[in-house]
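Participant: Chains as they are written, first to last, in my numbering: chain G, 1 to 494; chain P, 1 to 95; chain R, 1 to 493.
Just so you know, these hints were derived from the structure itself, not from any lab. Worth double-checking, as some hints may not be accurate.
What the hints assert, rightly or not - Derived DSSO-like pairs: lysine-lysine, alpha-carbon spacing no greater than 30 Å straight-line:
{"id": "1", "chain 1": "G", "residue 1": "K270", "chain 2": "P", "residue 2": "K92"}
{"id": "2", "chain 1": "G", "residue 1": "K146", "chain 2": "P", "residue 2": "K92"}
{"id": "3", "chain 1": "P", "residue 1": "K9", "chain 2": "R", "residue 2": "K241"}
{"id": "4", "chain 1": "G", "residue 1": "K91", "chain 2": "P", "residue 2": "K9"}
{"id": "5", "chain 1": "P", "residue 1": "K26", "chain 2": "R", "residue 2": "K420"}
{"id": "6", "chain 1": "R", "residue 1": "K38", "chain 2": "P", "residue 2": "K92"}
{"id": "7", "chain 1": "P", "residue 1": "K92", "chain 2": "G", "residue 2": "K230"}
{"id": "8", "chain 1": "G", "residue 1": "K84", "chain 2": "R", "residue 2": "K97"}
{"id": "9", "chain 1": "G", "residue 1": "K91", "chain 2": "R", "residue 2": "K420"}
Unchecked claim - So the derived label-pair ranges between C-beta atoms look like this:
{"id": "10", "chain 1": "P", "residue 1": "P29", "chain 2": "R", "residue 2": "A35", "range": "30 to 36 Å"}
{"id": "11", "chain 1": "G", "residue 1": "D267", "chain 2": "P", "residue 2": "G32", "range": "33 to 39 Å"}
{"id": "12", "chain 1": "P", "residue 1": "E4", "chain 2": "G", "residue 2": "P295", "range": "45 to 51 Å"}
Built from N, CA and C at the ideal position, the CB exists for glycine as well.
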Amino acid sequence: MTESTYRIRGATGDWEVVIGLEVHAQVTSNAKLFSGAATAFGAEPNTQVSLVDAAMPGMLPTPNRECIRQAVRTGMAIDAVINKWSRFDRKNYFYADLPQGYQISQLYHPLVGEGSVTVVLDEKDPNSPTKTIGVERIHVEQDAGKLMHDQHPTRSYVDLNRSGVALMEIVSRPDMNSPAEAGAYLSKLRSILRYVGSCDGNMDQGSMRADVNVSVRRPGEELGTRTETKNVNSVRFVMAAIEYEANRQVAVIEDGGRIVQETRLFDPDKGVTRSMRSKEDAHDYRYFPDPDLLPLELDDAFLDECRASLPELPDAKRQRYEGELGLSAYNAAVLTAEVETARWFEALLAECGSDVPAKSAANWLISDLYGALNRLGKGIADSPVSPAQGAELLRLVADGTLSGTLSKQVFEIMLETGQGANAIVEERGLKQTSDTGAIEAVIAEVMEKNADKVADYRGGKDKLFGFFVGQTMKAMGGKANPGVVNDLLKKALG
Amino acid sequence: MSVEPATVKRVAGLARIAITDAEAEKLAPELGNILGWIEQLGEVDTQGVEPMTAVIPNHLRLRDDVVTDGDVRDRVLANAPQGEHGFFTVPKVIE
Amino acid sequence: MSNLTDLGVAAIRDGVRGGEFSARDVADAFIDAVAAAKPLNAFLVETPYHARAAAKVADDARAAGEALKPLAGVPIGMKDLFCTQGVETTAASGILKGFVPQYESTVSGNLWNAGAGMLGKLNLDQFAMGSSNETSAFGNVVSPWRRPNDTAPLAPGGSSGGSSAAIAARLCPAATGTDTGGSIRQPAAFVGITGIKPTYGRCSRYGVVAFASSLDQAGPMARDVRDCAIMLEAMAGFDPKDATSLDLPVPAWEAGLNADLRGKRVGIPKEYRVDNMPSEIEALWQQGIDWMRDAGAEIVEVSLPHTRYALPAYYIIAPAEASSNLARYDGVRFGQRVLPDGAGLQDMYAATRAAGFGDEVKRRIMIGTYVLSAGFYDAYYTQAQKVRTLIARDFEAAWEQCDVLLTPTAPSAAFALGEKSADPIAMYLNDVFTVPSSLAGLPAMSVPGGVDKDGLPLGLQIIGKPLDEQGVLNAGLAIEQRAGFVARADKWW
């Protein structure tokens, strides 16, 4: 744990930034939190709306077990207190995207209490300091519908497809002090949610978005007045919004002004935040327990199942990769950051069995496979090469069939043709040779052509050894086993 | 208990009920009377008493995560005062 | 059979089964009675086609020798708080004028499944808020009862005043009601009929326009105890669409009817002897005690010490819930919209709601909004829910000493329309005897006990333990058998 040294340099001195995030994460479920309508993204307007979601008179909410289960599992994944007794409350306000005139949420008794998320501040540095960000609570609530303002000159259009979709609101403590810390926290949280499977983390589809609370103060002094920038939907934008908002606040204060506690919007095109007037008057939400619902009481069997179904989480996995597999801290971090990468890597290890060292598999994935995917603009989930195909290639390297250089060639052909490594090696004769007779013959030829250099070497110019290796490998078309070449050359050169 | 017309207007605003000054003047003493009458509850010693949560012992049932509803746009929109292209419409909102 | 409209539910059911008359004849008789009773203003919508269709199903089934459903051939009235698919449902409000639900409430659906037909939708206090049926946006319901030599219109009670008036005037043999603080029992008492509010959770709230969710409970209104038992059996039952529905089988209440109260203890709560109780009410209560004793019950005095706080607690909790429940009436997805020139969204809400809600509804929304607003929540709402806990505990303690409680239903006989409408608190006090059991979710029933000096009906209330509707019905039957209540309103409409 280290104190952040991030400061805004104002005209009158340094300012510290205090940041808390309220992350809204859409719970992965087939049906909505309180109705049986579907949650899929991108449907025709108002087709995924039940009469309950449209708040028709007399319609009543019935809670979806899976949404509760996913929130509980998420809580467990951040070592949080799970409240076996919780309640749903109504948050009352009027808006066209809120059919009931209230959002069913949890204020007084949330499902999940105190937990924490530990972030590594610099992933590339194996000795990077970590910081533990407190999570105050996670509660479950309904999402609102969507308004579209650009379809008609005088009207806004209302689409209720999202109305009633389950969200987890994950409320952090104001424990972050720099855009980088907030970015690291959000990335880590996203990673955990995706491991748990409780949220797909698709920020561009709005599955995860953050309300960013920012205030500034002189280092060590009392907390300043905060603003809340709503619905920021990428890690980069969150960092940009904080940066802008902190600087704006410092400028206001240094100008003799005061920060108003208000709701703001981030404009990603301009990189600025601006005040949001439309929700200004909505601050008296008149929360009270939803009388349509009873208290939510969870039994041990439910909690046991939630716990038992949790996967190995990124921190534990990373430690295991370092400890048991002997991977470098950097490689372990890269391979565990995204659940898909870790899954792919573990599938690769399973295919390799004991034939390939884990370290080699990790190096290949991170340098060769990642390099190729970056070039192709693809994610690992869409990799044109499967873990089984990768393992086939790595096995050929491990058993000496392919040299490092050859393996790269074979991999390129795999990417182009979709063929397996064995077939490529067979077809194109790319097999590395350890045939000492053939290599010795080539060496003799090389020495004969370069008799002068042989004499120089023997006269003490040791550096020329590499020259002979290169010439031999070249003459063998790169297919000679480098180890064997070395041994035989040493013998032949005396 | 006395309730100011300004308070009546603030509450009417929260409840989204348009109200004229004259109506607020008229409602103020009425609400004052009612609120004064219900304030006698303050006399009751409720220390250590839990607020009622479920009037008859019952537990919250949880539904299976199955899509059983939706895809009823015509029924959803059937009573809309105004709508087009499958949307409800409202006066343009400036955010 | 001289007049089919004089028959109750059981008599119609049995007569149709036995072939004494056709369901069609019954339906027609009631349809004609409804059409001829416009001055009562009990019906908001008449649905003769619905009643006749159900009658045809019953008659066809009988002709084919098939078994008849429990309510085959029985036409009923439906309080217009129940959403009925394809039939306008307004909750007697302007804001829902023209609203045609695309769905059926569970309770009404249960009744249709049991073979009942619908004569129409019954008027009520707007959003069930009222005790006299004077808050309907579509005019007052007028009680069929009148004081002697006086044509002044009397209140049929509320909020289920269309239901009570229609049954008392023989426009239907039974009707649905809903009861939040007495809205079945008080109107039943005012017109000399029977009505029961079951235990909270017995009848699904799905598709019932919500007033106060933690209190709202549907129940039947009919002319006698047996008819209520038959109706309630059809209406009740577990519904997964209502999270507060009780997952319990529906008892065979009709078969379980038994007026022999030997071995039962009837509690008389001393706090119900309120100040200024009319002597006639007092006398009726004493008469009821004697009847109970005559039926074999032991009488015990019990104490419900927090009784006097029930009304103020109710007038915090119910408006608070209502203020939120009625937020959905905003002119966006259904109902009336008022859009002044150049108005924005929030102005549209305010204009729509100002025009679409009546004064009493607005009053309660305002009270509810106020008590939930910042800084007041704990003092009002939390305190009221704590008092509610104390009230429920009072009843629990009473059940140590008795099986049912006997009280008057209302503190007076029916009053004249307009008599109390100027003073909201005087109106609220009408529910003084019915509200405590609502707050505790208990089953409670009103049965006619007698008449006052003007010949107007008075009711007795029986309150039972949670889930003990049978005990309530049985005690009610014992009173009914002894009261021999036969008074009825002379037809003037």
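Participant: Give a verdict on every hint.
Facilitator: Hint-by-hint comparison with the structure:
| no. | hint | in the structure |
| --- | --- | --- |
| 1 | G/K270 x P/K92 | holds (24 Å) |
| 2 | G/K146 x P/K92 | holds (13 Å) |
| 3 | P/K9 x R/K241 | violated (38 Å) |
| 4 | G/K91 x P/K9 | holds (21 Å) |
| 5 | P/K26 x R/K420 | holds (18 Å) |
| 6 | R/K38 x P/K92 | violated (44 Å) |
| 7 | P/K92 x G/K230 | holds (21 Å) |
| 8 | G/K84 x R/K97 | violated (44 Å) |
| 9 | G/K91 x R/K420 | violated (35 Å) |
| 10 | P/P29 x R/A35: 30 to 36 Å | violated (45 Å) |
| 11 | G/D267 x P/G32: 33 to 39 Å | violated (47 Å) |
| 12 | P/E4 x G/P295: 45 to 51 Å | violated (38 Å) |
When held up to the earlier numbered hints, the structure conflicts with 3, 6, 8, 9, 10, 11, 12 and fits the remainder.
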